[in-house]
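Asker: These protein sequences, in sequence, are chains G and V. For the first sequence, the numbering used here begins at 19 and goes up steadily by one. For the second sequence, the numbering used here begins at 19 and goes up steadily by one.
Quick caveat, the hints were computed from the structure, so don't treat them as lab data. Source: prediction; values computed, not measured. For every residue, glycine included, the Cβ atom is placed at its ideal position computed from N, Cα and C. Some hints here could point you the wrong way.
Claimed, not checked - Here are some, though not all, of the chain V residues that point toward chain G, as calculated from beta-carbon distances under 10 Å:
hint, residue
1, A23
2, Q47
3, T177
4, S182
5, T303
6, R307
2 protein chains.
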Amino acid sequence: MDIKAEIGRHTDEAEQIITSYLPEEKGYQKTVIEAMNYSFLAGGKRLRPILMLETYRLFGGKSKVIEPFMAAIEMIHTYSLVHDDLPAMDNDEYRRGKKTTHVVYGEAMAILAGDALLTYAFETAAKALDIEPQNPGIGKAIRILSAKAGIYGMVGGQTVDVESENTCDMTKEKLDFIYRLKTSALIEASMMIGAVLAGATGSEQKIVEAVASKVGLAFQIQDDILDVTSTMEVLGKPIGSDEKNHKSTYVTYEGIEKSKQDVADLSEKAIAQMETLVVKNEFLTELLRYLISREK
Amino acid sequence: MDIKAEIGRHTDEAEQIITSYLPEEKGYQKTVIEAMNYSFLAGGKRLRPILMLETYRLFGGKSKVIEPFMAAIEMIHTYSLVHDDLPAMDNDEYRRGKKTTHVVYGEAMAILAGDALLTYAFETAAKALDIEPQNPGIGKAIRILSAKAGIYGMVGGQTVDVESENTCDMTKEKLDFIYRLKTSALIEASMMIGAVLAGATGSEQKIVEAVASKVGLAFQIQDDILDVTSTMEVLGKPIGSDEKNHKSTYVTYEGIEKSKQDVADLSEKAIAQMETLVVKNEFLTELLRYLISREK
Numbered sequence: 019m020d021i022k023a024e025i026g027r028h029t030d031e032a033e034q035i036i037t038s039y040l041p042e043e044k045g046y047q048k049t050v051i052e053a054m055n056y057s058f059l060a061g062g063k064r065l066r067p068i069l070m071l072e073t074y075r076l077f078g079g080k081s082k083v084i085e086p087f088m089a090a091i092e093m094i095h096t097y098s099l100v101h102d103d104l105p106a107m108d109n110d111e112y113r114r115g116k117k118t119t120h121v122v123y124g125e126a127m128a129i130l131a132g133d134a135l136l137t138y139a140f141e142t143a144a145k146a147l148d149i150e151p152q153n154p155g156i157g158k159a160i161r162i163l164s165a166k167a168g169i170y171g172m173v174g175g176q177t178v179d180v181e182s183e184n185t186c187d188m189t190k191e192k193l194d195f196i197y198r199l200k201t202s203a204l205i206e207a208s209m210m211i212g213a214v215l216a217g218a219t220g221s222e223q224k225i226v227e228a229v230a231s232k233v234g235l236a237f238q239i240q241d242d243i244l245d246v247t248s249t250m251e252v253l254g255k256p257i258g259s260d261e262k263n264h265k266s267t268y269v270t271y272e273g274i275e276k277s278k279q280d281v282a283d284l285s286e287k288a289i290a291q292m293e294t295l296v297v298k299n300e301f302l303t304e305l306l307r308y309l310i311s312r313e314k
Numbered sequence: 019m020d021i022k023a024e025i026g027r028h029t030d031e032a033e034q035i036i037t038s039y040l041p042e043e044k045g046y047q048k049t050v051i052e053a054m055n056y057s058f059l060a061g062g063k064r065l066r067p068i069l070m071l072e073t074y075r076l077f078g079g080k081s082k083v084i085e086p087f088m089a090a091i092e093m094i095h096t097y098s099l100v101h102d103d104l105p106a107m108d109n110d111e112y113r114r115g116k117k118t119t120h121v122v123y124g125e126a127m128a129i130l131a132g133d134a135l136l137t138y139a140f141e142t143a144a145k146a147l148d149i150e151p152q153n154p155g156i157g158k159a160i161r162i163l164s165a166k167a168g169i170y171g172m173v174g175g176q177t178v179d180v181e182s183e184n185t186c187d188m189t190k191e192k193l194d195f196i197y198r199l200k201t202s203a204l205i206e207a208s209m210m211i212g213a214v215l216a217g218a219t220g221s222e223q224k225i226v227e228a229v230a231s232k233v234g235l236a237f238q239i240q241d242d243i244l245d246v247t248s249t250m251e252v253l254g255k256p257i258g259s260d261e262k263n264h265k266s267t268y269v270t271y272e273g274i275e276k277s278k279q280d281v282a283d284l285s286e287k288a289i290a291q292m293e294t295l296v297v298k299n300e301f302l303t304e305l306l307r308y309l310i311s312r313e314k
């Protein structure tokens, strides 16, 4: 399998699906919709929608009911980046080589565009009710989406991260907590929603959650590694920003070599755990494997 | 009916219900939860939860399924106030006589507390599935909640409001659009969710939406009037802030007397329209009537 080409094909597929759910840029509120779509269309690997769709397929899912949730999870991911980049937060001017939302639209509009993306994620997810009104997984999927994005998930991790920067009392234990919530939670939501909507059993959902948790952690550690070892050209954003911001990362605690080893170990464990499932999806396995060698 | 005493009793009832859904202040993410609860507990009339519960009762609703939605609508209302008060937005330091969230917790934490409240609103609403798993109205209620809070509802109105302040191109038509989205939309959501969860028919839901739209507009115009005619002691926030911020309001276009008359007309029309329903709720009617004479 030419995994890079396969990922490219799957990214295109996900891109086509999720962009079809973007709101039309019209009406008095046109500017905020433009800001939402600008942020959403700024690129990215669309990893979360791809993981969701492939987990759905893994469990035999075949309908379009997954599509609004693919768009919803990417909207939530996007809103979190828009708010993270704000002057009161990381104050980043570039992301993926493009100017951040508050630089283009101003701070007030960036706050509101983030709010709007978060709200529109739930509005979009609820459209699944039009596609399969009787699918009992839809209610559960909305619960997973909100819980994994909330205070016991992504935004909880983000707040501990922000607070630790100001108080300088980071520990390795707290860092693990932050990564588990800030990054793993949305990856968990992606894969669990795919499983739930395809009708996976409770024990299958638990395995998927555990796999996703490891993948998310590996993904975040890889991010820390790339911040040290990559270049702005490859990464599309300034490198060394963690050090510049005096930010403790996994690399600070473990060093580059141990961090690389941990990414490899986590990925292998995740793949081994996924292979305990009776169902198979070769691309999904290869995608998880690929994550350890990515360069951006 | 001693309407003030009745409202007090209903506010206490709503307060008890909605506060039981607040998250516990513990864990690494304790600060953001404290900030959420601080904002939520800063007072307020709890008008939206009361309207939701009374509309639910109007259509014969008797279960606790309404309760998580009562908490959810107040969380969304609260998040919108927290973000409105931010330095990049209205930059308000006091609300209801208390320091605003960003003054107490800092700007970054206030942004995140707003995000967390918005997300937790959906997490809370989804708890209705535990109470009545088979109620077909829950999915529809979540759709109403997200749509009325989103770009075609509250946050859409807020963005047009913010943008108009910067461009100074307000018109009466645009102001009506802002009020309809920014204020009426959540009142509509409150009353419609009450109707939907109690099993009201489609045409009954439409009547309720039209009533709520007028109530919301009357409520907002009354706010504009009080900003000119009240005192800081009564209102719990600085008066004259619209004029200070060079903000065009309903009063700017129509003057005080015509504004007062329009509030009275809208309220009477709303009540007359509600009386076309075969079901009755005397307190709800009196509450709508009271809104025209409120002083804060």
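Asker: Please check whether T303(V) passes as an interface residue: C-beta within 10 Å of a C-beta belonging to chain G.
Answerer: Constraint on T303(V) not satisfied, violated at 32 Å.
Asker: Mind checking the CB of S182(V) against every CB in chain G and telling me if the closest is under 10 Å?
Answerer: It holds, given that the least Cβ distance between S182(V) and chain G is near 9 Å, below 10 Å.
Asker: Taking the least C-beta to C-beta distance, is T177(V) closer than 10 Å to chain G?
Answerer: At about 4 Å, which falls below the 10 Å cut-off, the nearest Cβ of chain G leaves the hint on T177(V) intact, so it holds.
Asker: Should the interface hint for R307(V) be scored as holding, given a Cβ-Cβ cut-off of 10 Å against chain G?
Answerer: Where the cut-off is 10 Å and the nearest Cβ of chain G is about 32 Å from R307(V), the hint is violated.
Asker: Is the shortest C-beta separation between A23(V) and chain G less than 10 Å?
Answerer: Hint violated; A23(V) Cβ to chain G Cβ min 37 Å, cut 10 Å.
Asker: Going by Cβ atoms only, is Q47(V) closer than 10 Å to chain G?
Answerer: holds (4 Å)
Violated hints, in rising order: 1, 5, 6; the structure is consistent with all others.
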